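I would like the entire structure built from these sequences, with the hints used as guidance.
Here the protein sequences line up with chains V and Z, keeping their order.
Start counting the first sequence at 1; every next residue gets the next number (the UniProt record's numbering).
Start counting the second sequence at 1; every next residue gets the next number (the UniProt record's numbering).
Be aware that a few hints might be false.
Pairs of lysine to aspartate or glutamate, EDC-like flavour, derived with a Cα cap of 16 Å [claimed, not checked]: (1) V:LYS475 - Z:GLU554; (2) Z:LYS545 - V:ASP50; (3) Z:LYS479 - Z:GLU518; (4) V:LYS543 - Z:ASP50; (5) Z:LYS543 - V:ASP346.
Quick caveat, the hints were computed from the structure, so don't treat them as lab data.
For clarity, every value in this text was computed on a predicted model and none was experimentally measured.
Number of protein chains: 2
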Amino acid sequence: MSKNENALSIYALGGLNEVGKNMYAIECNNEILVIDCGNKFPDESLLGIDLIIPDMTYLEDNREKVKGLLVTHGHEDHIGGIPYFLKKINVPVYGTRFTLGLIELKLGEHKLSRETELKEINSETNLSFGKINVSFFKVNHSIPDCLGIVFDTPEGVIVHSGDFKFDLTPVNNQYSDIHKMAEIGKKGVLLLLSESTNAERSGSTPSEKNVGAHIEEAFVKATRKVLLSTFASNINRVQQVVDACIKTNRKLALLGRSMVNVVDVAMERGYLDVPEGMLIDQNEINELPPEKVAILCTGSQGEPMAALARLSTGNFRGVEVLPEDTVILAAGPIPGNEKNVSQVIDNLYTLRANVIYGSGKGMHVSGHGYQEDLKLMLTLIQPKYFIPIHGEYRMLYHHRLLAESVGVEQENTFVMGNGDVVDINDGIARQTREIHAGNTYVDGIGVGDVGEVVLRDRKQLAEDGMLVIILTMSKRNGKLISNPDTITRGFVYARDSEELLRDVNKLITKTVNELEHERKRQWGDIKHQLKKTVGQYLFQHTKRKPMILPIIIEV
Amino acid sequence: MSKNENALSIYALGGLNEVGKNMYAIECNNEILVIDCGNKFPDESLLGIDLIIPDMTYLEDNREKVKGLLVTHGHEDHIGGIPYFLKKINVPVYGTRFTLGLIELKLGEHKLSRETELKEINSETNLSFGKINVSFFKVNHSIPDCLGIVFDTPEGVIVHSGDFKFDLTPVNNQYSDIHKMAEIGKKGVLLLLSESTNAERSGSTPSEKNVGAHIEEAFVKATRKVLLSTFASNINRVQQVVDACIKTNRKLALLGRSMVNVVDVAMERGYLDVPEGMLIDQNEINELPPEKVAILCTGSQGEPMAALARLSTGNFRGVEVLPEDTVILAAGPIPGNEKNVSQVIDNLYTLRANVIYGSGKGMHVSGHGYQEDLKLMLTLIQPKYFIPIHGEYRMLYHHRLLAESVGVEQENTFVMGNGDVVDINDGIARQTREIHAGNTYVDGIGVGDVGEVVLRDRKQLAEDGMLVIILTMSKRNGKLISNPDTITRGFVYARDSEELLRDVNKLITKTVNELEHERKRQWGDIKHQLKKTVGQYLFQHTKRKPMILPIIIEV
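Listed below in structure tokens is the structure:
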């Protein structure tokens, strides 16, 4: 295959076979445009890891080609990795007014505000990078000011959907621009990348307006104060809470750092309309009659340190949940958070609050398109080639079936993984090669990445604890000077297991003496043999495999 | 309050404010009857714990009063703690024929078969313990041969519902005996204890027969082999799989230890009707045409070591999932298992199997009664007093509302926790006191229980790893003989952090020398000061708090 100078390559560094850490790229004629740079939150098996971002080695190795980062919207799984990206590759960041507001908060935390070039765009902006012209279209999602992206390349038009649903009765005029998409599709699209989060769910995503109606009803019914928890970034829902406050003549307090910050950004930049004097400080809550107060707070995922969890256990200074208060969880639990959320609900009931939660109550709708929404996008854009993105394997798989059902040829859909590359040459797309992709673990601040070795160690320590063996040996003849010492942590409670540890000590002495007898005096040999012998003994007697850490002191 | 000699006490040692480890007791005139003894499985925050059982200290302290253990049915959350109970308190165990079959498997594993007295009962059995007469009634649940229990005491009749739903089209004639319950209710019941698992769900629980229809449909449609995974103990569902095999002329193989064991017990004891010659060995699977084979396997919760997970990754010796095979997950994920289940589904799709899963597919119904079922039980039994059992707080809370809605006086319902006691004296119930209750952690075999200290250590090790500091000091003058050594595990990868560790070493030397200067030579002082100084330093530079373990060697 001879490669023409206009050849295009498309790949993901994150977002395929996972929900989270979205990062896609388009490469043409020595120019790379990056789309989004998100993080994802680790599950419990990644012990003590704070977050996961895409491994960006490939981009670092091609740093001079990278021309810019285009951001579709301001959710963490699309912007959470940006500070780490910019520390390595400092290029301009393009986003809408609201998206940039959220990115600025992040840059401030990482002290990157000064050296970063932020460029504001909107759905009418046209950009040009070498041979690629870039334009945009509005999409509706659970955060304001979202975009899909159109790349006009010498090979043809590539469309990236962003995260979207079609909400025909949107809040705050945040609509998906069906007319513009129809026009783009009519001109001919070579390739569509479209998000797959809800590809398993049949029907159409319900409108955000439905949630507003349920919120209003609950506010009207409530005889005392109302607390509502939702994602801070869902400003359209926040607007509906504000509207319910107007309707029921309540003042509104905001609790939780991210709620305060994001609402601030939204008000400042004109995405949220709050009447003068409605917002009150948290210390004013107790000064008003309870039926005149509403509270909007973080913690809808049951996060133990967030406002709602602290309120539910009476640990939020100055604010209390009292009997007959109404508490609304206006968010579904993200898979993995169910237990934390249940715990918070239990605690709220113990406080005798009236708790409104669960899927039947209409207090939450998804921001991601269901099957009918996804089919509508495919129908409007009518691409020749299709790459389902943003989803676990079964979601990508179902999205492929949807594409087939609306006329995309089966062999023209690429269900692929992070690092897989689709090359387009003379109008023909092929998936044959891959680039390096993977996870980078971020752990604390300042130490850098955590490797697999450290994670494996933590896992073993977590499951079975450890046993430290201390041998004091003579420099002169390599013999044990005193009885070995052993220390356990997280393994057995030493006081309960004196006998076991006594036997282990005897076994250690015996093992070391045998080695000495065989003239094996290399520390490596001794440590290896101790790990093996003691490990086997402990597993036999306790069914546990603690980490064994022999330490040799020579005196 | 003068206590008459017939006074009754009722309490739970497990099962309240949790789903799992059910254990209830009725005490009258120095006799204690125990109902069920279950376990529960730990969540990820309890690192390396195998299972949790009720703390039975109270029963041990009153061992001579305990007259027997009555078991309502054979699920793990009702029988999983029995071996641990019997090791401490050896009393007869009463259960139906199928329930005893499952208990026997468990006793075999713990080598307790010989010394345990198992007494078979059925719904017509009458037992007598001192002043208490005990009888039973059939209930329908997701395992065969379940009972509710009636305690006829001098104070009045106490009813325990067992786990139940009302399935009016039951499989294998496993019905809930509405007529008998009506009779019991008509005679007058003082107190009902009823299970609350689905108290949040409106409507009636669908019938198990519905699942059978969907299974049959999938079997008929399948063009190659069918794999179905469900809970091994759901023998009624297994019967429907057998029926689908008859219908589609397939042989059936069983994979997974518990599936083989439980089906064995069910066939031996007459709870499962399998035609002669239908069951095949797993090594016969590949000898038959694929459309003539079905496989029933464990692992519906995505457990990484169970059959389905191993099949999904191609790690089950001798059996493969091939393209176009049909795989049915006939079980909903228990909260906390969602991620593991999703992983298995993703892997099965990668093998290009046709996977049937999710709530819309009709392949699973709950065994626990929804709100209408719970109200029917309350209506049939029409108790004066009510204790909702078997559920987290919000479930117990909703069950109380249901009781109110069918006429139980609000103040006559006791929503309580493990260890809370309801005393009944001259027909009046009061909840004023508590006995000791709690969790006992079981970890491996042979070491006994794991304490809070060990768990806390594991937690810290898991999150942030550890740093071992080795100081070699002179016996003569208490001074450092050489530079301190440090070893990290699970904290930072030593090669990446040489500088940090070098600075820590300097800090250690400085700290020890300062203490020496102040003549503080007590090892306790040195260790305490090192933990503090080094801990602060590391947190400042890494935002991590590894366990710090100073070891002093005197030479």
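Of all the hints numbered above, which does this structure not satisfy? Sort the numbers upward.
5
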